[in-house]
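There are 2 protein chains.
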Amino acid sequence: MAFEKVKRSENYSEWYNNLVKNADLAEHAAVKGCMIIKPYGYAIWEKMQQQLDKMFKETGHSNAYFPLLIPKSFFEKEEKNAEGFAKECAVVTHYRLKVDENRKIIVDPDAKLEEELIIRPTSEAIIWNTYRSWIQSYRDLPILLNQWANVMRWEMRTRLFLRTSEFLWQEGHTAHATAEEALVETKQMLDVYAEFAETFLGVPVIKGVKTSNETFAGAVETYCIEGLMQDGKALQMGTSHFLGQNFAKAFDVKFQTKEGKLEYVWATSWGVSTRLMGALIMAHSDDEGLVLPPNLAPFQIVIIPIYKTDEERARVQEKAFEIKKTLEKNNISVKFDDRDTHKPGFKFAEWELKGVPLRIGIGPRDIENGTIELARRDTKEKSVINIEGIDIFIKNLLEEIQSAIYIKAKSFRDSSIHKVDSWDEFTKVLEEKAGFLSAHWDGTSETEEKIKNLTKATIRCIPLNNEQEVGTCVLTGNPSSQRVLFAKAY
Amino acid sequence: MAFEKVKRSENYSEWYNNLVKNADLAEHAAVKGCMIIKPYGYAIWEKMQQQLDKMFKETGHSNAYFPLLIPKSFFEKEEKNAEGFAKECAVVTHYRLKVDENRKIIVDPDAKLEEELIIRPTSEAIIWNTYRSWIQSYRDLPILLNQWANVMRWEMRTRLFLRTSEFLWQEGHTAHATAEEALVETKQMLDVYAEFAETFLGVPVIKGVKTSNETFAGAVETYCIEGLMQDGKALQMGTSHFLGQNFAKAFDVKFQTKEGKLEYVWATSWGVSTRLMGALIMAHSDDEGLVLPPNLAPFQIVIIPIYKTDEERARVQEKAFEIKKTLEKNNISVKFDDRDTHKPGFKFAEWELKGVPLRIGIGPRDIENGTIELARRDTKEKSVINIEGIDIFIKNLLEEIQSAIYIKAKSFRDSSIHKVDSWDEFTKVLEEKAGFLSAHWDGTSETEEKIKNLTKATIRCIPLNNEQEVGTCVLTGNPSSQRVLFAKAY
Chain A
1 MAFEKVKRSE
11 NYSEWYNNLV
21 KNADLAEHAA
31 VKGCMIIKPY
41 GYAIWEKMQQ
51 QLDKMFKETG
61 HSNAYFPLLI
71 PKSFFEKEEK
81 NAEGFAKECA
91 VVTHYRLKVD
101 ENRKIIVDPD
111 AKLEEELIIR
121 PTSEAIIWNT
131 YRSWIQSYRD
141 LPILLNQWAN
151 VMRWEMRTRL
161 FLRTSEFLWQ
171 EGHTAHATAE
181 EALVETKQML
191 DVYAEFAETF
201 LGVPVIKGVK
211 TSNETFAGAV
221 ETYCIEGLMQ
231 DGKALQMGTS
241 HFLGQNFAKA
251 FDVKFQTKEG
261 KLEYVWATSW
271 GVSTRLMGAL
281 IMAHSDDEGL
291 VLPPNLAPFQ
301 IVIIPIYKTD
311 EERARVQEKA
321 FEIKKTLEKN
331 NISVKFDDRD
341 THKPGFKFAE
351 WELKGVPLRI
361 GIGPRDIENG
371 TIELARRDTK
381 EKSVINIEGI
391 DIFIKNLLEE
401 IQSAIYIKAK
411 SFRDSSIHKV
421 DSWDEFTKVL
431 EEKAGFLSAH
441 WDGTSETEEK
451 IKNLTKATIR
461 CIPLNNEQEV
471 GTCVLTGNPS
481 SQRVLFAKAY
Chain B
1 MAFEKVKRSE
11 NYSEWYNNLV
21 KNADLAEHAA
31 VKGCMIIKPY
41 GYAIWEKMQQ
51 QLDKMFKETG
61 HSNAYFPLLI
71 PKSFFEKEEK
81 NAEGFAKECA
91 VVTHYRLKVD
101 ENRKIIVDPD
111 AKLEEELIIR
121 PTSEAIIWNT
131 YRSWIQSYRD
141 LPILLNQWAN
151 VMRWEMRTRL
161 FLRTSEFLWQ
171 EGHTAHATAE
181 EALVETKQML
191 DVYAEFAETF
201 LGVPVIKGVK
211 TSNETFAGAV
221 ETYCIEGLMQ
231 DGKALQMGTS
241 HFLGQNFAKA
251 FDVKFQTKEG
261 KLEYVWATSW
271 GVSTRLMGAL
281 IMAHSDDEGL
291 VLPPNLAPFQ
301 IVIIPIYKTD
311 EERARVQEKA
321 FEIKKTLEKN
331 NISVKFDDRD
341 THKPGFKFAE
351 WELKGVPLRI
361 GIGPRDIENG
371 TIELARRDTK
381 EKSVINIEGI
391 DIFIKNLLEE
401 IQSAIYIKAK
411 SFRDSSIHKV
421 DSWDEFTKVL
431 EEKAGFLSAH
441 WDGTSETEEK
451 IKNLTKATIR
461 CIPLNNEQEV
471 GTCVLTGNPS
481 SQRVLFAKAY
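Chains as they are written, first to last, in our numbering: chain A, 1 to 490; chain B, 1 to 490.
I should point out that these hints are in silico values taken from the structure, not numbers from a laboratory. Take these hints with a grain of salt, some might be off.
You can't tell identical chains apart in this list, so a pair holds if it fits in one copy or across any two.
As the list claims (entries may be wrong) - List time: in silico DSBU-like cross-link candidates among lysine-lysine, alpha-carbon distance up to 30 Å:
| no. | residue 1 | residue 2 |
| --- | --- | --- |
| 1 | Lys72 | Lys21 |
| 2 | Lys343 | Lys254 |
| 3 | Lys249 | Lys187 |
| 4 | Lys98 | Lys488 |
| 5 | Lys329 | Lys57 |
| 6 | Lys408 | Lys343 |
| 7 | Lys395 | Lys54 |
Throw the hints in and build the complete structure from the sequences for me.
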């Protein structure tokens, strides 16, 4: 292929940027910090969406759509958030352009809005302002909604998929009659995210709760799933917030209980975004390009014909179509790359770069033998297999690849969780091995902040079902009742 | 139900607004001109999306995503559009909020953008600016992309679904090596829209081409599908534009032909929006509420249990679940409304309001008889049918309803196309019968404009495959070679 190769081991960040670009996943837009998701990248995102949407519906949620723009005053209602919320937002101040005397397009100064509007960084405010009129009685609860949308946070340092000013996501917003029910929902959605990450992305995740430093401004508790990338950095892949009654109080949303009392409504919100594309890329890919788990691959298998003459081409084509049909009958998605503008070697490299899990090469001699050559993207193993019974063989192999990708990532992740018991050990392991550091911490925000300033490592989470164990904080030596997970993170 | 009923015949516009609100389809948002699409409304939109997306993919298109914000200067590049393009746009001028000394949230005056950004009213500009780097050679063509997105046009007078400042839509943007190929694409997508409108929405449409007055500012030709609502007003339901080389020239997008020459690329764009929800509502609904064609109904059938005692409830429940399962095996979507908070009569009215095509009422006596009571939403016919064989019966009946809804709308539409041959006749028929007026027109924009100012009727389209017929313009008496369709429109 016509691009420079940088190995992961040489420059992980450059390797990532090249891969996103060369595999046709995304590119930077003319507007600073925004991205264009290219068709191949978008096809992977669509597969993620479809599966997540199915899981949301299976757990009783419906989709809806709330407006892009939020009046500035709404943000003031979230008292608690006045300090905490992200202020790097896109602000709409005018509603008209006009052509001036020089035929230049200018913003019409007469079309200034009375109140500025903010492009949603997240939709709690507008949604809870709406729930006020939807909820009167316990009969109106629970409300279990999700929205697929674009959101915007003005970012200075951006990286495709991982951190962009505009990104795509889903945001669930639920309303409940009791704290217990809201907590069950919060944890249920965390489980949905974890299951999705492990069985579709093939990325093992640690479920945990954030420290108060890292909790979403409007939340009582923030639950998260944390994955580990191949460079030993952690990536927060999804969050599920127990919002308590914070938004109900900010937007005055009360309901009449069965007993006739007026109470504030309990809330959750939860989201995953196009950041998952970054996780997918960084967890599995190699120096040849993307490695896609079959469950999310737009094409699970590519067939590349090998021929010299037109007559050979026709023969190979016929057989290839036959194989394609057989596979498609088994719900395997197949690309037959019949372009005559490129040589097989070029195609091999291109589909390797694009991470297609399996590749079939087929030529006239293969047809005579009743075989094809099969190459696995994840292990690069090649084998010759019989065309007869190919559908069952491939179906099983795709399942095996899905597992193998997960197991490889899991064994890397598991071997990257390091127990450290002193400050020396902490800094040394962080420097030399990266990954997660399982360490005692005294539970204070001050210590957490200090460690972050000293090492750039943050507490990724307090794992759920954490073992209780007496110890002393690695930095301060103060008593601690459990280890938490530190890491450098994206 | 707890709301005021207004009949279509009394006040069509109020009837529409009430219906949208009471059937839980959508509501106005806190931001002027924007709407909240409620879960039931969104579920119908999702069904539309799924089907359209399938049809786009079957015709070779892929989805992608381009940024929400467009630099103001991009609009200047569309020379032709400097005058013509819609200037009522939301303008982003700042990128940060801050908390002032009084703890009020204000726009940070230090965070002013160097160049203002426009929330996309449509994405030709940003997409063609991107295509410039994607297209070098004929080998890179065609590009067949679609995007599902929110767009924004600042509207002063809004109506839910029909005209809102923010709306959801899809926009196809394709690039081709020849004018012929781009024209074939333009017409193909018009056919896709027409097929979708007729077989899913159940709304007959007239395919035509717009006059130059009504052509999209950046287009050479605008094709459209026009539907007729029950009040005799026309609704433009979708457009497909042949853009010629306009955008390629504005954004300097050239390609090398097979022969090695450099040429500008040919383009199309095409879109339908949440406006189709308005078409669906206005074409079929009646004074009792929504009438949904089975192909787009979130639930095709609702089962309502009728019982007095707990014992009866249990028996009815069991049978209802059995029927539900049988129907679901046949891909029929079923809602079992087992709420014990509401009486059957209330539920009947609610699901009637929400337009569910079929309703089953089932009680203890029905079970004894092995029957259920079945009510059709569109005709309000009731019948008693056997539970045995119910799946095949319902499956066929749903198909019949889909056809019946279309036929009813078509016979109304067909009887609402009036040939008129004089100005007196034109104004009289427009006043008394509404609908489409098929009339001769002298082909000038001036006459078209005059007729619009005199009567509010516009030329909806010049139908494709229009009969050529010599005549004289209804207004000016000047010669004309064909009739065109006038109507008042949304």
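Here is how each hint holds up against the structure:
Taking identical chains as interchangeable, the C-alpha atoms of Lys72 and Lys21 lie at most 30 Å apart only when they sit on different chains, with a minimum of 26 Å there against 37 Å within one chain. Taking the shortest Cα distances, Lys343 and Lys254 sit within 30 Å of each other only across copies (26 Å), while inside one copy they are farther apart (67 Å). For the homomeric pair Lys249 and Lys187, the shortest alpha-carbon distance inside one copy (23 Å) is at most 30 Å, but the shortest distance between copies (54 Å) is not. For the homomeric pair Lys98 and Lys488, the shortest alpha-carbon distance between copies (29 Å) is at most 30 Å, but the shortest distance inside one copy (49 Å) is not.
Taking the shortest Cα distances, Lys329 and Lys57 sit within 30 Å of each other both inside one copy (27 Å) and across copies (19 Å). In this assembly of identical chains, the alpha carbons of Lys408 and Lys343 never lie at most 30 Å apart, being 33 Å within a copy and 57 Å across copies at closest. Taking the shortest Cα distances, Lys395 and Lys54 sit within 30 Å of each other both inside one copy (22 Å) and across copies (25 Å).
Checked against the numbered hints given earlier, this structure breaks only hint 6.
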